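Please construct the entire structure, taking both the sequences and the accompanying hints into account.
There are 2 protein chains.
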Amino acid sequence: MTKINRKTGDNNPMLLFEDAFLQVKNEIEKALTGSPLIIREYLSHLTLSQGKYIRAFSVLTASLNADRMVADDAVKAAAAIEVLHLASLVHDDIIDDSELRRGSITLQKQYGKKTAVICGDYLLSLALRMLSGINEKEDYKSLRFPDYVGRLCLGELNQHINNHNLDLSLYTYLKIISGKTAALFEAAFFAGAVTGKKTEKEVESYKKIGHCIGMIFQLSDDCLDFDTTMLEAQKPVQSDYDNGVITLPLIHALHNDVSFKSHAQKGNLTRKEVDEAVRKSDGLGFTRIMINRYYSKAMKAIKMLSIENNAVAEVIALLDKAARFDQKKKA
Amino acid sequence: MTKINRKTGDNNPMLLFEDAFLQVKNEIEKALTGSPLIIREYLSHLTLSQGKYIRAFSVLTASLNADRMVADDAVKAAAAIEVLHLASLVHDDIIDDSELRRGSITLQKQYGKKTAVICGDYLLSLALRMLSGINEKEDYKSLRFPDYVGRLCLGELNQHINNHNLDLSLYTYLKIISGKTAALFEAAFFAGAVTGKKTEKEVESYKKIGHCIGMIFQLSDDCLDFDTTMLEAQKPVQSDYDNGVITLPLIHALHNDVSFKSHAQKGNLTRKEVDEAVRKSDGLGFTRIMINRYYSKAMKAIKMLSIENNAVAEVIALLDKAARFDQKKKA
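From first to last, the protein sequence lines stand for chains A and B. Each residue of the first sequence is one higher than the last, beginning at 1 in my numbering. Each residue of the second sequence is one higher than the last, beginning at 332 in my numbering.
Please keep in mind that the hints were generated in silico from the structure rather than gathered at the bench. This structure is a prediction, so every number in the text was calculated from the model and none was measured. Ideal Cβ placement from N, Cα and C applies to all residues, glycine included. Misleading hints may appear alongside valid ones.
[Stated by the list, open to error] Pairs of lysine to aspartate or glutamate, EDC-like flavour, derived with a Cα cap of 16 Å:
hint	chain 1	residue 1	chain 2	residue 2
1	A	K113	B	D428
2	B	K472	A	E136
3	B	K444	A	D93
4	A	K141	B	D470
5	A	K141	B	D428
6	B	K445	A	D97
7	B	K444	A	D97
8	B	K472	A	E138
9	A	K137	B	E469
10	B	K468	A	E138
[What the hints assert, rightly or not] Estimated spans, in silico, between C-beta atoms of each pair:
hint	chain 1	residue 1	chain 2	residue 2	range
11	A	D19	B	M630	51 to 59 Å
12	B	Y502	A	E18	44 to 52 Å
13	B	D558	A	P13	57 to 65 Å
14	A	E200	B	E372	51 to 59 Å
15	B	I369	A	D242	21 to 29 Å
[Unchecked claim] Which residues of chain A face chain B? A partial, calculated answer using Cβ under 10 Å:
hint	residue
16	N11
17	N12
18	M14
19	L15
20	T115
21	I118
22	R151
23	E156
24	L157
25	I302
See below:
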């Protein structure tokens with residue numbers, strides 16, 4: 001198997017990981033604040049509540065070469081994927097009627113749903129434009145960005161349809177989060193591997209790793225929704241249930257406690273009742289079992305990466321980060 | 332100047348215009364009804380209210396070669412642009428709270444705004460995926476699809492911001508419709524010219540023609556909103572004003588009739604008052620003067636097309652169609 005080593009050049013220069021990560025942040029900032037005046041106010045609102053850039057981090061990690069460097073195209077793809085993620089959050093907040101996101105007031109709450117529809121659309125077009133700026137033209141199309149956007153939408157739709165559905169199965173739930181969260185992580189790892197000129201076999205492994213990390217990320221988020229305080233999660237605790245979104249810990253409780261389910265079917269549960277049922281059935285324990293499964297799957301895919309790939313440790317660190325294993329240690 | 336003649340081949344076969352147009356319709360139908368089960372119901376809803384495919388027609392017309400044939404890539408671009416247009420309508424109906432579109436109930440009215448947000452996003456991703464299916468890879472990126480989507484969004488936003496704005500200037504109004512309507516017509520003519528392998532100079536002319544036809548199309552629509560019955564327009568008469576959208580005939584009346592404007596500023600006008608003011612100031616006449624300006628501009632650009640371009644007559648016919656000059660003759 002041949003590994004294509006990208007040459008450093010004016011066309012697509014190589015950068016150190018840390019510099020690349022800073023440049024991603026700059027590119028996003030520049031794209032948001034450099035947009036036409038008419039939309040700038042709304043987009044600036046979003047720069048105040050920037051996240052941890054874990055998807056951008058994923059792109060760069062999957063793109064690392066033996067010298068811990070990444071190509072400029074990985075920076076462009078990383079910035080584009082973060083802006084796409086931002087677009088999805090803006091529309092997501094409309095769908096969930098969310099008032100807060102990362103501790104800040106949402107765009108839809110501040111400026112209204114109609115403005116938020118347009119701003120989300122604009123952000124999506126911005127992400128596409130940023131992606132189209134990548135230097136190696138043949139990579140642009142092969143990243144299959146529109147496919148991932150489509151999968152993201154289907155996940156969102158499936159979740160919306162299953163709002164308040166107490167009969168939601170584990171299978172459907174995994175399908176939902178595979179779209180709404182894991183698709184973008186897969187896209188990130190895929191983009192990293194492609195811009196990093198990995199072999200075809202490695203690209204496939206990276207896609208699998210991205211999918212698993214996305215699933216783990218969401219399942220950990222589901223747990224977080226139950227077991228942290230508002231301050232830690234930077235969003236109201238149990239907002240999922242309040243929004244009618246049924247997540248795995250509760251699915252497990254509904255499945256294992258017949259009397260709880262029949263009680264739930266009669267009407268609105270109190271938060272205390274939900275907490276109690278999840279605790280009694282060990283819904284968080286079950287969710288963590290699922291997390292471990294995806295963790296093992298990811299490790300299996302990581303082992304398929306070539307031995308000379310020095311980024312393996314970074315990928316594992318990212319995996320741990322998604323699973324919040326670092327937080328658990330602290331607790 | 333050399334004109335590149337595309338070869339007929341398995342990779343990107345040539346089709347007769349009429350066959351190509353049928354194929355565009357088939358591709359759209361296939362894309363909508365062949366989508367995943369979960370979204371099919373909502374998208375099928377849209378197939379019931381298909382429009383006249385004037386944007387697809389534009390792509391194919393701009394793509395015509397000397398033998399009145401177009402390449403398969405023009406079909407793909409045409410279908411993608413129609414689906415993009417559909418996506419914009421779905422979100423547009425959310426923003427305008429529209430209940431009817433082309434005589435059918437809108438998606439947002441039937442299934443709710445939240446579902447419509449996701450369906451519009453999905454349609455946008457579908458359009459991008461359809462476009463990425465074009466055979467000549469280098470054309471895919473050069474069509475600058477994301478730029479046009481961005482311009483469309485800015486036009487929509489600008490319109491939304493200026494809802495009920497009685498001080499709306501002619502300049503801002505033209506800027507709004509240049510985004511919300513003309514951008515997609517320009518994209519259509521651009522895509523046609525690129526996939527039709529026109530010379531660079533011809534591509535520029537086609538872009539100008541597309542822009543002018545888009546402006547004419549919207550300005551004619553503005554007139555139609557005032558001077559036809561509900562049955563003819565297939566939408567409620569004067570829905571623009573009812574939705575707070577101020578169009579050129581009314582802008583002209585507000586600008587020319589100071590007492591009408593100060594009356595309007597005091598509160599909601601009745602439909603009769605709006606009609607009367609537009610009639611008195613000849614708002615429709617003024618709008619038709621603007622239409623004629625864009626018509627002349629388009630004719631100037633058409634004259635720049637090479638003499639051996641046999642599609643000139645078709646482009647002029649399309650221009651007349653946009654200006655509804657055929658309808659005026661009938662009236």
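Each hint, compared with the structure:
no.: 1; hint: A:K113 - B:D428; verdict: 12 Å, holds
no.: 2; hint: B:K472 - A:E136; verdict: 11 Å, holds
no.: 3; hint: B:K444 - A:D93; verdict: 13 Å, holds
no.: 4; hint: A:K141 - B:D470; verdict: 11 Å, holds
no.: 5; hint: A:K141 - B:D428; verdict: 36 Å, violated
no.: 6; hint: B:K445 - A:D97; verdict: 9 Å, holds
no.: 7; hint: B:K444 - A:D97; verdict: 12 Å, holds
no.: 8; hint: B:K472 - A:E138; verdict: 10 Å, holds
no.: 9; hint: A:K137 - B:E469; verdict: 8 Å, holds
no.: 10; hint: B:K468 - A:E138; verdict: 8 Å, holds
no.: 11; hint: A:D19 - B:M630: 51 to 59 Å; verdict: 54 Å, holds
no.: 12; hint: B:Y502 - A:E18: 44 to 52 Å; verdict: 47 Å, holds
no.: 13; hint: B:D558 - A:P13: 57 to 65 Å; verdict: 60 Å, holds
no.: 14; hint: A:E200 - B:E372: 51 to 59 Å; verdict: 38 Å, violated
no.: 15; hint: B:I369 - A:D242: 21 to 29 Å; verdict: 24 Å, holds
no.: 16; hint: N11; verdict: 15 Å, violated
no.: 17; hint: N12; verdict: 15 Å, violated
no.: 18; hint: M14; verdict: 23 Å, violated
no.: 19; hint: L15; verdict: 23 Å, violated
no.: 20; hint: T115; verdict: 7 Å, holds
no.: 21; hint: I118; verdict: 5 Å, holds
no.: 22; hint: R151; verdict: 9 Å, holds
no.: 23; hint: E156; verdict: 5 Å, holds
no.: 24; hint: L157; verdict: 5 Å, holds
no.: 25; hint: I302; verdict: 30 Å, violated
The structure fails to meet hints 5, 14, 16, 17, 18, 19 and 25 from the earlier list, while all remaining hints are met.
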